[in-house]
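Protein chains in written order, with the UniProt record's numbering: chain A, 1 to 150; chain U, 1 to 158.
Just so you know, the hints here were simulated from the structure itself, not pulled from any lab data.
These figures come from a predicted structure and were not determined experimentally.
Don't take each hint at face value.
[Unchecked claim] Once the Cα atoms are required to be at most 20 Å apart in a straight line, the calculated SDA-like pairs of lysine to any residue come out as: (1) A:Lys118 x U:Lys124; (2) A:Lys31 x U:Lys124; (3) U:Lys124 x A:Gln102.
[Unchecked claim] Across the chosen pairs, the derived CB separations fall in these ranges: (4) A:Met11 x U:Lys124: 23 to 31 Å; (5) U:Thr143 x A:Arg149: 48 to 56 Å; (6) A:Arg149 x U:Glu100: 50 to 58 Å.
[As the list claims (entries may be wrong)] If you want the ones that stay clear, here's a sample from chain U, every Cβ over 10 Å from chain A, calculated: (7) Cys50; (8) Glu54; (9) Leu57; (10) Gly81; (11) Glu90; (12) Thr104; (13) Met120; (14) Lys140; (15) Thr143; (16) Asp155.
Backbone N, C-alpha and C fix where the C-beta goes; we use that ideal spot for every residue, glycine too.
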Amino acid sequence: MVGTDLRQQLMNYIQSSHEQGILDEAFDRVKNLENDGNPQFLSEIFSMFCHDAENGIAELTRFLAEPVIDYENVSAFAHQLKGSSSSVGGHRMVLACCELRQASNNKIKEGSFEAFDKVKREYCILRDSLNYIAQMEKTILTNEARRRRQ
Amino acid sequence: MASDTDYDSDGMRDNGNGGSSEGNGRRRRHPMMTWRNNLRALVVDNGRICRIMESGLLDAYGVEVEAVGTGEAAVELIASGETFDLIVIEMFLPFMSGPETARTIREMGITSKILGIAPMYWEKDAQEFLAAGIDEFLEKPFTPELFVPFLREIDNQK
Numbered sequence: 001m002v003g004t005d006l007r008q009q010l011m012n013y014i015q016s017s018h019e020q021g022i023l024d025e026a027f028d029r030v031k032n033l034e035n036d037g038n039p040q041f042l043s044e045i046f047s048m049f050c051h052d053a054e055n056g057i058a059e060l061t062r063f064l065a066e067p068v069i070d071y072e073n074v075s076a077f078a079h080q081l082k083g084s085s086s087s088v089g090g091h092r093m094v095l096a097c098c099e100l101r102q103a104s105n106n107k108i109k110e111g112s113f114e115a116f117d118k119v120k121r122e123y124c125i126l127r128d129s130l131n132y133i134a135q136m137e138k139t140i141l142t143n144e145a146r147r148r149r150q
Numbered sequence: 001m002a003s004d005t006d007y008d009s010d011g012m013r014d015n016g017n018g019g020s021s022e023g024n025g026r027r028r029r030h031p032m033m034t035w036r037n038n039l040r041a042l043v044v045d046n047g048r049i050c051r052i053m054e055s056g057l058l059d060a061y062g063v064e065v066e067a068v069g070t071g072e073a074a075v076e077l078i079a080s081g082e083t084f085d086l087i088v089i090e091m092f093l094p095f096m097s098g099p100e101t102a103r104t105i106r107e108m109g110i111t112s113k114i115l116g117i118a119p120m121y122w123e124k125d126a127q128e129f130l131a132a133g134i135d136e137f138l139e140k141p142f143t144p145e146l147f148v149p150f151l152r153e154i155d156n157q158k
């Protein structure tokens, strides 16, 4: 059945994301909070996460572009990004944020730039993964609703 | 996050000045755990994703939750007479920090269990937070494995 195939496809994708370290068990907790009463929960959470992460990355870009880097603010935003990415299960992004915070606390310019590049890369991978999962969920729910009406 | 059909009664809260609180004000019909007593928790976290997840997890485990984004809002809520069995405070809050919030709450005579949380920290941060009066310091993410033992302890002592 198509519905079963799509669910299996989604499960396989999530499993693969776990194996690659993109997602961890925190993602499973997010998924388990979804229920029939709010099928859009995952999509809403991911959308909020991406919005907040992109704001954080924009602020970090600004601080790191200054001639004299405000490492305190870089560290603070790295901290925030780590918090939100750990809440949605973005394991590799969490690690990248830790590296950025470490480099900024030690006021290492080159290390901060390298770590920030990693944060941006891992954010893009995580964002794409979460968007794919949200889209698959939406398709599955739409198909199930259609089948119930038939 | 959860629908009306999941709850026994209604209620969302606004604590007025200093910021509104997001509360479930209700309890899930089918929580993952049930308690002998009605347990209430206050989540204080400026990160909205973190706040939603921390509140959502506590709610899923049968706890009535209020959530605010600043230390000031937490203090105001408690000063208004609200009582909580468990208070969860993020370390790096803007303006009134996590340790300052914990210290102020303790100075108000509140003896509730207070957990300090942070995504990452240095040892001196943890020491500062503990000295301010929290009962335990935990690294995020805030997971059931971390908070359920505290809920069990609170429930047994009530």
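Structure-based check of each hint:
Under the criterion of a C-alpha separation no larger than 20 Å, the hint pairing Lys118 of chain A with Lys124 of chain U is inconsistent with the structure, at around 27 Å. For a cut-off of 20 Å, the pair hint linking Lys31 of chain A to Lys124 of chain U is broken: about 35 Å separates their Cα positions. Between Lys124 of chain U and Gln102 of chain A the alpha-carbon distance is near 15 Å, which keeps this suggested pair within the 20 Å criterion. At roughly 44 Å, the beta carbons of Met11 of chain A and Lys124 of chain U sit outside the given window of 23 to 31 Å.
For the hinted restraint 48 to 56 Å between Thr143 of chain U and Arg149 of chain A, the CB-CB distance of approximately 39 Å leaves it violated. Evaluation of the 50 to 58 Å hint for Arg149 of chain A and Glu100 of chain U yields a pass: the beta carbon distance comes to about 55 Å. In this structure Cys50 of chain U is not separated from chain A by more than 10 Å, as the shortest Cβ-Cβ distance comes to only about 5 Å. Non-interface call for Glu54 of chain U relative to chain A: violated, since the shortest CB-CB distance, roughly 8 Å, does not exceed 10 Å.
Not every beta carbon of chain A lies more than 10 Å from that of Leu57 of chain U, the smallest distance being close to 7 Å; the non-interface claim is violated. No Cβ of chain A comes within 10 Å of the Cβ of Gly81 of chain U; the nearest lies about 30 Å off, and the non-interface call holds. The Cβ of Glu90 of chain U does not lie farther than 10 Å from every Cβ of chain A; its closest approach is about 8 Å, which violates its non-interface assignment. The Cβ of Thr104 of chain U lies farther than 10 Å from every Cβ of chain A, with a closest approach of about 22 Å, so its non-interface assignment holds.
At the 10 Å boundary, the C-beta of Met120 of chain U falls inside the reach of chain A, the nearest C-beta of that chain being 6 Å off. The Cβ of Lys140 of chain U does not lie farther than 10 Å from every Cβ of chain A; its closest approach is about 5 Å, which violates its non-interface assignment. The Cβ of Thr143 of chain U does not lie farther than 10 Å from every Cβ of chain A; its closest approach is about 7 Å, which violates its non-interface assignment. Residue placement check: Asp155 of chain U keeps its beta carbon more than 10 Å from all beta carbons of chain A (closest about 22 Å).
In summary, the numbered hints that this structure violates are 1, 2, 4, 5, 7, 8, 9, 11, 13, 14 and 15.
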